[in-house]
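Engineer: Sequence:
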Amino acid sequence: MFCLPVGKFLAPPLAVVKLVNTIRSRGLTHRQFRDFLQSVQSEYSDVLYYTKVRWLSAGCVFERVWQLKDDIVSFFHEKQCSAECEMLEDTEWLSDFAFFTDLFCHMNNLNVKMQGKNQFIDDIWVHLKAFKLKLNLFAGQLRSTCLISRG
Numbered sequence: 006m007f008c009l010p011v012g013k014f015l016a017p018p019l020a021v022v023k024l025v026n027t028i029r030s031r032g033l034t035h036r037q038f039r040d041f042l043q044s045v046q047s048e049y050s051d052v053l054y055y056t057k058v059r060w061l062s063a064g065c066v067f068e069r070v071w072q073l074k075d076d077i078v079s080f081f082h083e084k085q086c087s088a089e090c091e092m093l094e095d096t097e098w099l100s101d102f103a104f105f106t107d108l109f110c111h112m113n114n115l116n117v118k119m120q121g122k123n124q125f126i127d128d129i130w131v132h133l134k135a136f137k138l139k140l141n142l143f144a145g146q147l148r149s150t151c152l153i154s155r156g
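For the sequence shown, the numbering used here assigns the number 156 to the last residue and increments by one with no breaks.
Treat the hints as calculated values from the structure; they're not laboratory data. Bear in mind the structure is a predicted one, so any value in this text is a computation, not a measurement. Among the hints, erroneous ones may be present.
[Claimed, not checked] DSS-like mimics (lysine-lysine), calculated; alpha carbons at most 27 Å apart, straight line:
| no. | residue 1 | residue 2 |
| --- | --- | --- |
| 1 | K137 | K122 |
| 2 | K137 | K118 |
| 3 | K122 | K139 |
Can you build the whole structure from these sequences, using the hints too?
Structural biologist: Here is the structure:
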C-alpha cells in the first residue's frame with residue numbers, strides 16, 4: 006500500500022462506500038438484496054450502512070462487505086448489473102480491500118479499548134504503543150511485499 010499512488014490507495018474504501026450506497030440507497034434494490042441473502046441462507050441478513058459521521062463504523066462496514074462479497078457478486082450478476090461489483094472479482098483489488106478491512110478493524114479495536122470506565126492514561130498509552138507497533142509491522146510487511154513485486 007505504501008508504494009501505491011494516493012488515488013489507488015483510496016480506491017478500495019471509496020469503491021466499497023459506493024457499492025454499499027448503491028445497495029442501501031435504492032429501496033427496491035435494498036429489499037431485493039435482503040430477500041436474496043435470505044434465499045441463499047446467508048449468515049447475514051443485510052449489508053451495514055456507512056456514514057461519514059461515524060467513520061469508525063467503516064471497519065464494520067468493510068468487514069461485512071468482505072464477508073458478503075460472494076453473495077454481492079451473485080446478486081448483481083442475477084440482476085445483470087455486474088459492472089456494479091466488478092472490483093469484487095479483481096484479485097489485486099481484493100487484496101487492497103482486505104488490507105483496508107484489516108486496518109479499519111484494528112482501528113475499531115483500538116477505539117473500543119480506549120473507551121469505557123476505569124481507563125487510566127497509562128492503560129491507554131499501552132494500547133496506543135501496541136497499535137503503533139502493529140502499524141510498524143504492517144508497514145514492514147508492505148514494504149517487503151512491494152519490493153518483491155517490483156522485482
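Engineer: If a hint holds in the structure, say so; if it doesn't, say that too.
Structural biologist: Hints, one by one, checked against the model:
no. : hint        : verdict
1   : K137 - K122 : holds, 23 Å
2   : K137 - K118 : holds, 14 Å
3   : K122 - K139 : holds, 25 Å
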